[in-house]
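Participant: Residue strings, one per chain:
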Amino acid sequence: MNQIFTVTSLMNIAAFGLIIIGLLAIFTQRNIFKLIIGLNLADVGVNIFLVNAGYIDGGTAPIFTDGIRSAQIMTDPVPQALVLTAIVIGFGITALALGLTIRLFEKYHTLDVKEMRGLKW
Amino acid sequence: MRHVVGIVLIAAFIFYVLSLVSGLFIGPDPEAVGPVGRQVLEQSTREAGAVNTVTSVVVFYRGFDTLGEVTVLFLSALGIAVFFRAGGESANRAGTSGPAGNTEECGAPGFILRTGARILYPFFFLFGIYIIVHGHLSPGGGFPGGVIIATGFFVAILTGDRFHLPEGLLTVLEGFAGLSFIGLGLAGLFSPAGSFLANILPLGSFGTIFSAGILPLLYAVVGVKVAAELSGAVGRIYLDPEPVEEQ
Numbered sequence: 001m002n003q004i005f006t007v008t009s010l011m012n013i014a015a016f017g018l019i020i021i022g023l024l025a026i027f028t029q030r031n032i033f034k035l036i037i038g039l040n041l042a043d044v045g046v047n048i049f050l051v052n053a054g055y056i057d058g059g060t061a062p063i064f065t066d067g068i069r070s071a072q073i074m075t076d077p078v079p080q081a082l083v084l085t086a087i088v089i090g091f092g093i094t095a096l097a098l099g100l101t102i103r104l105f106e107k108y109h110t111l112d113v114k115e116m117r118g119l120k121w
Numbered sequence: 001m002r003h004v005v006g007i008v009l010i011a012a013f014i015f016y017v018l019s020l021v022s023g024l025f026i027g028p029d030p031e032a033v034g035p036v037g038r039q040v041l042e043q044s045t046r047e048a049g050a051v052n053t054v055t056s057v058v059v060f061y062r063g064f065d066t067l068g069e070v071t072v073l074f075l076s077a078l079g080i081a082v083f084f085r086a087g088g089e090s091a092n093r094a095g096t097s098g099p100a101g102n103t104e105e106c107g108a109p110g111f112i113l114r115t116g117a118r119i120l121y122p123f124f125f126l127f128g129i130y131i132i133v134h135g136h137l138s139p140g141g142g143f144p145g146g147v148i149i150a151t152g153f154f155v156a157i158l159t160g161d162r163f164h165l166p167e168g169l170l171t172v173l174e175g176f177a178g179l180s181f182i183g184l185g186l187a188g189l190f191s192p193a194g195s196f197l198a199n200i201l202p203l204g205s206f207g208t209i210f211s212a213g214i215l216p217l218l219y220a221v222v223g224v225k226v227a228a229e230l231s232g233a234v235g236r237i238y239l240d241p242e243p244v245e246e247q
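Note that the protein sequences, when read in sequence, are chains A and B. Sequence positions in the first sequence follow the working numbering and run 1 to 121. Sequence positions in the second sequence follow the working numbering and run 1 to 247.
These are computed hints drawn from the structure, not numbers from a lab. All C-beta atoms, glycine included, are put in the ideal place defined by N, C-alpha and C. Some hints could be false.
[As the list claims (entries may be wrong)] Selected chain B positions facing chain A (Cβ under 8 Å, derived; list incomplete):
(1) 37
(2) 51
(3) 138
(4) 143
(5) 169
[Claimed, not checked] Only some residues are given here: those of chain A computed to face chain B with a beta carbon under 8 Å:
(6) 14
(7) 20
(8) 31
(9) 32
(10) 34
(11) 38
(12) 40
(13) 64
(14) 77
(15) 100
(16) 102
All chains should be built: construct the whole structure from the sequences, respecting the hints.
Facilitator: Written as structure tokens, this is what we have:
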């Protein structure tokens with residue numbers, strides 16, 4: 001580790017930055033669509049972080065094509081399979097949230113969270 | 001309050017970057033994968049017989065988990081169906097959304113979109129089926145392939161042509177796919193291996209399309225289910241729920 005930023009640490013910074021941007025959007029925005037976008041950004045950040053956890057320096061995709069028979073230089077397949085699950089779950093959450101948003105707009109005729117009566121706490 | 005949250009989050013990010021620079025928490029990059037991953041890489045070609053190790057993990061080693069994952073997707077599709085079917089407000093919405101309403105508010109879909117969609121429509125299905133069928137050989141599989149097929153439906157809806165989603169067929173396909181997944185799993189219970197989702201078919205020759213036992217079958221079933229659920233969800237949001245009620 002003679003250089004300061006390796007590939008892994010750079011990707012970690014990108015992932016963490018996406019999570020921070022998403023959390024900022026969730027905490028500071030009032031438009032429901034921007035909240036959902038923030039949720040998605042944080043989701044993508046977590047996914048990058050997980051995939052990155054299984055990365056090894058100079059590794060290839062864990063697929064045994066004809067040229068590559070050696071399992072030594074392959075990246076870890078387990079986090080990638082986990083992220084496959086996480087992406088699908090994230091999609092489900094987003095679809096449900098957008099459907100709920102359409103219903104909320106019909107009821108309150110606004111997308112501002114602060115103006116929706118009954119959601120105050 | 002908002003500024004405090006922002007300052008705290010940005011400070012956490014700066015602290016994280018600084019800790020990476022100085023190597024405070026995180027050591028050097030790992031030279032090899034972890035114990036679980038190494039074992040999967042060494043044994044999956046023998047046990048699961050799939051070229052794509054990620055597919056081996058998703059469908060073979062964690063097949064039961066994938067059943068739960070498909071169930072989550074089914075629940076979100078069910079939630080959307082509940083939002084857009086129940087309640088009397090769907091009749092009010094019919095005038096403001098859907099293809100007919102969109103032409104007044106946003107303008108009619110352009111010539112390029114309509115012509116391009118007409119040309120590309122079969123290729124969405126072809127490519128989606130290709131991705132699903134080759135899930136154990138190349139990157140892809142049931143989930144991305146199903147999304148690609150649903151994208152074909154989505155583009156057809158966007159063009160604004162009067163498009164009838166075959167909802168009855170989609171429901172039947174979805175239920176049939178879910179039952180097939182469980183049936184394939186139950187068949188494993190009566191095999192010599194005697195476990196849920198055990199491999200009951202011969203592994204075949206490594207790297208061909210008829211290999212890896214029941215993995216391609218399971219992934220095809222997942223692909224059909226994902227495609228049917230997503231097409232149904234997208235269609236229920238964008239199409240008029242009850243066009244008849246307004247007249």
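Participant: For each hint given before, does the structure comply? Return the numbers of the non-compliant ones in rising order.
Facilitator: 5, 6, 8, 9, 10, 11 and 12
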